[in-house]
Structures are given as C-alpha cells and as structure tokens.
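Participant: Start from the sequences and build out the full structure, keeping to the hints where you can.
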Amino acid sequence: MVRARAQLALAVSLVASGCIAYHELGLPSPTSARPAPAALPGLRAGFGRADITPPPGVGLAGNGPEGRRATGYRVRLYARALLLEDRTGERVALVVADLAQITPNLHRLTALRIRDSTGIGADRLVIAATHVHSGPGHFYAERQYNQSTSQVVGYDSAMVEFLVSRFARAVLDAQRDLRLARVAWSATAVWGHTRNRSYQAFLRNKPEWTPPAPVTPGLDPTHRAVNPLWTLLRVDQRGRGADSAYRPAGALSVFAVHGTADAPENELLDAGLHGIIERGLERHVDSLSRRGAGYHLVANGAEGDVSPDWPVQSRCGAPLLRPVVGPGGPRTPPVPWEWRDPAPAWMAVCRAAARRYVNAAGDSLAARAVALFDSLGPTLRGDLRIGVAFRTLRLKGDPRLCPYPETGSATLGGAEDGRTRLYGWRLFGIFPIGLEEGGHAIRPNPHDCQREKRVALGGLQHKLVVGEHGLPEVAQLSVIRLGDLLLGVVPAEVTTRAGAQIERAIADSARAAGFEPRAVTIVGLANGYMQYVTTEAEYGEQAYEGGSTLFGPNSAAVLADELGKLAASQVRSGASPANPVDSIAAYPGQSQAILPRRTAGPPPERVTRVVLGQACAGDTLVVRWRDLHPGRLVPADGPVLRIERLVGERWDAVAEDGDRELEIRAVGSLGSRGYVWEARWHHAARAGPYRVVLVARAGLAEVTGDRVGCD
Amino acid sequence: MIRPFVAAALLFLALGLSRPASAQVYLGLDATLSSPYVWRGVTRANGWVVQPEGFVGLKAGGGFLSGGVWASYELGNAGPSDLSDLGTGHAGLAELNYWGQASWSLGLVQAALGGIRYTFRGTAPTAGRTRADNTTELYVDLRGTSKYVVPGIALWLDVDRVQGTYLEGSITVPVLANPLAAPFFVLITRAALGYTLGQDVNTEDPSQGAYFARAGVTHVDFAVSTDVTLRPLHVPTVLRLEGHLQFSTDDATRPSSARPSDARRSGKLWAALALRLSPPIVSW
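Sequence lines, in order, name chains A and B. Numbered according to the working numbering, the first sequence spans residues 96 to 806. Numbered according to the working numbering, the second sequence spans residues 661 to 944.
If you're looking for bench data, these hints aren't it; they were derived computationally from the structure. Just so you know, even glycine gets a beta-carbon here, dropped at the ideal spot from N, CA and C.
Short derived list, chain A residues pointing at chain B, Cβ under 10 Å: (1) 159; (2) 418; (3) 431; (4) 521.
Facilitator: The following block contains the structure:
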C-alpha cells in the first residue's frame with residue numbers, strides 16, 4: 096500500500112512535469128534501387144567521415160539523470176561510413192557514429208537524403224552507434240528518451256538535421272571514394288578488457304556458457320562471461336588513375352563493450368574509449384597507405400551486459416538529496432533540498448582516473464586491432480559477395496511479445512557502470528520500492544506478460560507517464576552478408592547470451608537454406624533503439640538489462656526467429672531478397688531550441704578574436720581566448736585551434752583540436768563582444784615554449800598567441 | 661613549482677571568469693498564505709493570514725549572513741468566535757518581526773544562529789497579542805544530514821518578556837524528488853515535537869509572559885511539504901505547499917477557534933502556500 100501511494104505520487108509529479116504530447120512525425124520509406132553491375136568489374140569500396148561534434152550546451156545522452164550538460168569537447172565525435180559494392184552491383188552502406196544510440200528517424204531521414212545519389216535506401220543502410228555516453232541527445236524518435244537520457248531534457252529537430260546532414264555527407268563522401276578494393280576479415284579473442292556486469296543474471300542461463308574462444312588463464316568468472324571476439328574487416332583500395340597498387344584504407348570492427356569507460360559525471364563531448372580505438376588504427380593505416388586519412392569504424396556487438404573493465408575509482412558516486420543552507424531567517428520558507436554532487440576535488444580525481452583508463456584501454460585495444468588488421472594482409476581478396484535482407488518488425492501488437500513496452504523499476508536505478516541518484520532508494524529509508532537490481536525489482540507473483548518485471552510506477556507508467564507512443568514500437572532488423580561473414584543487425588543492446596542465441600538462429604537458418612557462414616556477428620545499437628534484450632532466463636533476475644527489456648521475456652526469442660528468417664531469405668535469394676520498407680512514425684515530443692543556434696551572439700564581423708591569456712600550471716597549458724558564441728562556433732565545422740612548440744627556429748604543431756589530451760570548453764558570455772573559450776592541454780612534461788594558433792574560419796582570420804614558456 | 665600556479669591564478673583573477681564569486685548579496689522576497697496561522701502549535705489566528713517578508717543575505721565563504729523583516733496580516737475581520745492577534749472586528753497588520761541570522765554548513769551538520777524581535781499590533785481588548793507582548797528571542801538551530809533522515813534540534817531562548825526556552829526536535833525524511841533538473845520538485849515529510857522549558861505560565865511570577873499552560877511537551881506536528889523550483893525570467897522561484905496534522909498536549913495549543921467547543925481539541929489540520937524569490941543581486 097505504501098509502495099502504491101509512493102508510485103502514485105511519483106506518477107502524478109511526472110505527469111505534472113510534462114504532459115504527454117507526442118507530435119507524430121511520419122518518416123520516409125526510401126527503398127533501394129535495383130542493383131546494377133558497375134562499370135568496373137570487381138568489389139568496390141569507399142570511405143567517408145563527417146564530424147558530428149555539436150557546440151557545447153547540449154545534454155550528454157546515456158547516463159539518464161546523471162548525464163551532464165556539455166561544457167566543451169575533448170576527442171571529437173565522428174560518423175564514419177563504409178560503402179561496399181560487389182561485382183553484381185549489390186550495395187550496402189555501413190555508418191558508425193560516436194553516439195549513445197541511433198534512432199529510426201536518423202536512419203530513415205539519412206536514407207532519404209542519400210537514396211537518389213547512391214541508390215541506397217533504408218534497407219541497405221546500416222547506421223550503428225558506438226554507444227559512447229558522452230555524445231549529444233535530443234534526437235530521439237521517442238518522447239520518453241528525449242525526456243530522460245540526460246539532465247538536459249527535450250527534443251530538438253535541429254539536432255536531427257545536424258546529425259542527418261552529416262551522416263549523409265559521410266555516405267556521399269564514401270560514394271565519391273568508391274574504388275576497386277580487396278577485403279579480408281577475421282576474428283580474434285580479446286580477453287581481459289571486458290567483464291559481465293550482470294553476472295547473477297548471466298548464471299541463470301542453461302546450459303552453461305561455453306566461450307567462443309579459449310580463455311586466457313587467470314581470468315575471473317565475470318571476465319570470462321563475455322563474447323571476446325573482435326571481428327575486423329580490412330579494406331584495401333586501389334589507387335586512382337595510374338596508381339594501380341592496393342593500399343590499406345580502413346576497417347570495420349565489431350566488438351562488444353559498453354561505451355561507459357568515461358565517468359558518468361564527465362561533462363565534455365567525447366568519443367571515449369571507441370574514439371581512442373578508432374584513431375589508433377586510423378593512425379596505423381595512415382602510416383601504411385601514404386594516401387592520407389585512414390578509416391576505422393568500430394561498431395558494437397552483443398554488449399548489453401558487457402562493461403569495459405573500468406577501475407572502481409573512476410566512478411564518482413551519484414548526487415545525494417540534501418537540505419541546503421541558504422540566505423534567509425527563522426520566518427523564511429526554507430531553501431528547497433537539492434541533489435548535491437560529491438565534493439569537487441573527489442569529482443576531479445575520479446574523472447581523471449576514468450580518463451587514464453580510457454586512454455590506456457583504448458591504446459591497448461587499438462593495438463589489438465592493428466595486429467589483427469596487419470594479419471589480414473596476405474588474405475585480401477576482391478571477390479566479396481554482398482547481400483542484404485531487411486524488415487521492419489512491429490513490436491507493439493506482436494502476439495509473441497507484451498502488448499506495449501514497459502520499463503522495470505530496476506532500470507531507474509541504473510546499471511553498475513553508472514548508478515543513478517535513485518539507485519537503492521527506499522521510501523522513508525525503510526520500504527524498498529524496487530530501485531535496485533534483482534531483489535525487490537523482481538515481482539514475487541508474476542501474473543502478466545511482463546512476468547518478473549516490477550514495472551516502474553505499475554500500470555500508471557503506461558497510462559499516465561509514457562502513454563501510447565512514448566517508447567519504441569518498431570525494430571528495423573537486417574542480416575548483411577559480407578562473403579562468408581553474416582552480420583545480424585539489431586536496434587538493441589543484447590546481452591552476451593541473447594546475442595549468442597540470435598547468432599545461432601541466424602547460422603542455423605542460413606545453413607538450412609544452403610549457406611555455411613564462417614561466422615555470425617551481432618551489430619547492436621543499429622537503425623533504432625528498443626533498449627535491452629536479455630534471454631528469458633536472465634529476464635527473471637530483473638537486473639538492469641532485464642528491467643530494460645521493454646517487451647518482456649520473449650524478446651530475444653522473437654528477434655532470433657525474425658533474424659533467422661531474414662538470413663534464410665537472404666540465402667535463398669542468392670543476394671538480396673525484395674526488402675520492402677514499411678512506413679513508420681516518430682513521436683519525439685515538441686521541438687525545443689536546445690542545440691545552440693547559428694544566430695547566437697554577435698556575427699563574426701563584430702567579434703575580435705584575441706588570445707586573452709596563457710599560463711602553464713604544472714604539466715597543463717591553459718589558454719583563454721575570445722571567440723564566437725557556441726552555435727556560431729560549431730566544432731563540427733572544423734578545427735578551432737592548435738598548439739605549437741618552438742623547435743629551433745620553427746613552430747611545430749604538437750596538439751590539434753580533437754586530441755585526447757586537449758580539452759576545449761565554452762566558459763562564459765561577453766555579450767556583444769563574443770564568448771570566452773578555454774583550452775587545457777596536458778603536455779606530458781615536454782618543455783616549451785608553446786603558442787596557441789586560433790585557426791582561420793569563415794569570416795575570421797587566423798590569430799596567433801604570444802609564446803609561453805612551460806618549463 | 662609554486663610559481664606556475666601563482667601565474668595561473670593571476671591569469672584567472674585577471675580574466676575574472678573561472679573563479680566562483682567570493683561573495684554574493686541576495687535580495688529575498690517571500691510571502692506565505694496560511695489558514696489558520698499556527699505558531700509553535702498555538703493557533704494565533706484561525707482565518708486567512710498573509711505573511712510577506714523581505715531580507716538581504718550575504719554569502720561569504722560557506723555561510724550566509726542575513727537580516728530581514730517579516731509581517732503577518734490578518735486578511736479578514738475576526739468574528740467573536742475567532743482567534744486573532746488583532747481581536748474581534750479587526751483586520752490588517754498584526755505582527756512585525758525583525759531578525760538577523762548566520763547560517764553555515766560544517767560537513768554533515770548545518771547550523772543557524774540568530775536573534776528575532778517580535779512586535780505586535782493588537783489594540784482591541786480581545787486581541788491575542790498587543791504591544792505588551794513584544795519580546796526578543798535568541799536561537800540556535802542544528803540539523804544533521806544523511807541519505808534518508810535529517811534530525812534537527814532548535815532552541816529558542818526568550819531574553820525579554822517570557823524569559824524561557826522553547827525546544828523543538830524534528831526528523832525530516834525526503835520521500836521523492838525529481839531526478840532531472842527542471843522543473844525540480846521535492847516531497848518532504850517532517851515530524852516535530854515542541855517542548856517548553858520556561859515559556860509556560862510562571863506561577864511564581866504571573867507578570868512574566870507565557871505561551872503555554874504548563875511545562876513539557878506542547879504538541880507533535882506531522883507535516884508534508886512539496887517544493888517546486890521554477891526559473892521564470894532566470895529568477896530562482898520556489899513554490900512551497902505544506903500541510904500539517906498536529907496533536908496538541910498543552911491547553912494553549914489545543915484551541916482551534918475561540919468557541920468553547922474548540923478549546924479542547926487534541927488534533928488540528930492546517931495548510932500554507934508560500935512563494936519565495938531570492939536571486940543574487942551583486943557578486944564580487
């Protein structure tokens with residue numbers, strides 16, 4: 096009874112804080128053109144890349160109420176595209192973006208944008224997220240996600256346009272880059288960098304886990320309870336014109352690891368662990384190709400319950416609700432209580448610990464990718480066969496699933512990677528209300544479709560808070576054939592065992608249809624987002640992942656069945672079957688101006704860019720300068736600054752905008768005179784002197800700061 | 661080693677942006693609408709009362725120094741069966757308080773120390789409070805902080821007309837709060853117990869003022885309140901709604917009106933709605 100009253104109060108409050116308004120948006124259904132053999136016989140491949148780093152001020156999506164407002168950026172966010180076309184004209188475009196999730200609106204609108212130029216519609220376009228938790232939000236197709244993925248709430252159609260235009264640019268660049276290519280793929284086991292964060296749920300599965308590769312001795316059970324396979328497709332391209340040599344161009348990797356290596360309290364836009372891995376191999380490819388930029392797309396696998404092996408000191412602790420001392424007296428209505436962060440010094444320590452881990456783990460994983468990439472050189476071939484099978488599964492109303500999506504109370508407390516401030520909360524400190532993993536999050540008397548899931552707020556969630564269209568309703572699924580590798584593309588975070596179940600279903604179906612795949616790999620978080628998918632056994636534990644399996648315990652079985660059918664249809668067709676693209680809608684809520692606009696602050700001609708000050712503190716060079724307001728200054732438009740070091744008589748660039756040791760923040764407005772920005776660069780004890788160069792941008796000339804000694 | 665840090669500090673001082681303000685002055689305005697008006701468990705007026713307040717606060721270090729004026733207006737003419745500080749047939753300003761307070765936070769303990777001057781405007785023969793009741797109190801208020809339970813103790817020492825102490829122990833428990841930033845709301849429950857140690861009738865010196873009939877526990881109050889924080893025009897504004905259920909144990913806290921039938925009530929309900937604005941107006 097007490098619990099019911101508390102939930103009623105919470106529901107009423109939530110409803111009061113935002114009435115249910117969906118603002119239905121019909122999404123386009125662009126279908127691919129019929130494949131036509133290319134003029135050049137053989138496999139062709141092209142790469143593209145677009146910067147998607149928005150201006151500071153947006154919410155960092157992925158950590159729910161702990162996701163901060165971005166104050167700046169560190170490692171830039173990118174969308175990387177790989178376009179492949181086989182000798183029969185079968186095409187597929189793969190995009191991996193440094194974002195927490197991908198939504199159907201991003202996918203469909205990008206497909207519409209590229210359809211006429213590339214012949215690629217929604218069925219042949221895969222857009223996957225690295226799942227980094229330090230990218231922007233506000234683009235979700237579902238209202239509830241726009242309301243809850245960070246402290247900055249709301250949907251902004253400008254953010255959708257910002258991302259879609261850049262995704263499309265990356266694919267169109269890849270189209271322009273199409274050249275004869277040779278590819279090879281393989282997989283290797285990478286143990287020790289990941290662990291199963293919901294081990295109790297994992298243990299519920301029967302039969303016991305048989306790892307897909309021999310286990311490194313000495314690993315504890317949670318580190319063994321993951322899929323360690325790193326799958327890498329290497330692409331070498333032939334030179335243009337007279338240059339007929341094939342040289343390394345890039346790669347597509349798939350590896351299961353959550354993008355949660357950064358501290359949840361991070362306040363910078365940052366590509367995180369995946370960004371370090373991407374760049375690590377790209378630098379290696381650069382050094383081999385002698386053609387300039389290399390490309391490394393790092394998609395996520397069955398990472399639902401797989402955490403990076405972050406150190407405990409990298410988690411700062413969620414804010415606590417505290418009474419507040421404020422101005423006033425004995426007759427004054429008291430200052431409201433507040434959620435208070437841990438002490439700033441502690442926050443700085445844990446953020447720094449997380450950064451050290453991100454860099455070290457990223458370097459180590461990049462080294463594994465480099466080794467795998469290099470090992471594929473002798474096996475490169477130009478006869479890859481491509482095939483795509485695609486369908487839009489309507490989750491809502493599917494008789495095999497729960498009639499509508501519902502979130503479990505375990506979800507509200509957050510996963511081990513980033514507990515929210517609600518985790519473990521008890522009413523009056525005594526009565527548990529299910530804000531935990533397992534325990535009281537498990538309904539003791541399962542009696543409906545959601546079975547063991549204690550639905551957060553009970554029936555009120557659907558009736559009052561989420562409503563008819565607040566959570567996902569469709570899943571865009573596809574099976575991509577790349578030679579003897581099958582990719583099972585799912586719009587979800589599937590757990591290790593659920594992933595294995597789906598991979599097995601795909602392999603069995605393909606085999607039954609007459610094709611023996613060498614491997615099947617899940618590509619998660621692609622073309623949409625339906626939160627998590629656990630196995631039926633794991634669901635009974637109601638850990639975070641089970642609570643977040645929206646459509647009930649049968650979800651993994653349904654996805655396995657559907658993807659199996661897609662695999663079979665793909666094989667039977669010989670290449671790609673007819674892939675109808677059904678019409679779907681988005682329900683994002685009313686658009687608000689959250690992404691800083693290009694009209695913010697004074698125009699470039701009225702702002703004098705100038706370095707305001709430079710100083711060294713220990714191994715950190717700190718620079719402040721006056722520039723345009725965020726919105727007029729969009730990091731994705733190009734580099735903002737670089738740092739140079741005097742070597743003899745010459746100034747050499749030692750740090751570029753986007754380097755992992757360089758943090759750039761928007762500090763404060765100067766009104767009509769511009770905006771103060773700050774760069775902090777950790778120069779690893781290399782002696783200066785240094786200087787900062789503010790790079791020329793549209794309407795703004797290059798500005799060079801004075802030299803500053805850092806001894 | 662120190663020199664670079666000094667240089668960095670000087671840079672930021674010169675730029676004046678990264679450091680938090682070392683001091684801030686706040687202007688506070690608030691108003692409470694209440695019915696009845698209950699003070700320390702005693703029903704002072706059982707009609708509608710509005711209580712505006714203005715204050716200035718200085719934030720320095722981790723604490724605040726504040727001073728202000730608070731007033732209580734009885735909105736309707738009191739009838740013969742009403743309790744009123746102004747008396748039957750009167751409405752308007754009934755009480756004016758002047759106060760000063762220092763408050764600060766020390767780890768898990770928050771403290772407030774201050775003084776308050778109570779002045780009353782009742783003139784009618786039936787007035788609950790008149791100029792003769794004007795008095796001064798010094799007080800200290802301490803509370804601890806923890807995840808679920810915030811215990812508090814407040815001690816009020818009358819140094820003028822009443823010459824006694826009133827103690828109030830409380831336990832505050834947050835029930836829920838919006839985990840997202842805006843609009844922020846929090847639901848709080850509080851149980852308080854009043855205890856008089858000299859603010860009751862002094863049988864040896866009847867000329868001494870008193871608020872209660874006898875020494876000991878005066879009342880137990882159970883309250884639930886919700887604060888909603890809004891930022892219209894970027895001014896932090898708090899809307900507070902609170903409801904109380906009081907169990908009275910003293911003859912002074914029992915009456916809920918002047919009717920004889922209401923003189924021995926052991927329980928009463930009351931509610932208040934408050935609006936508070938306290939924006940910082942100067943920082944340096």
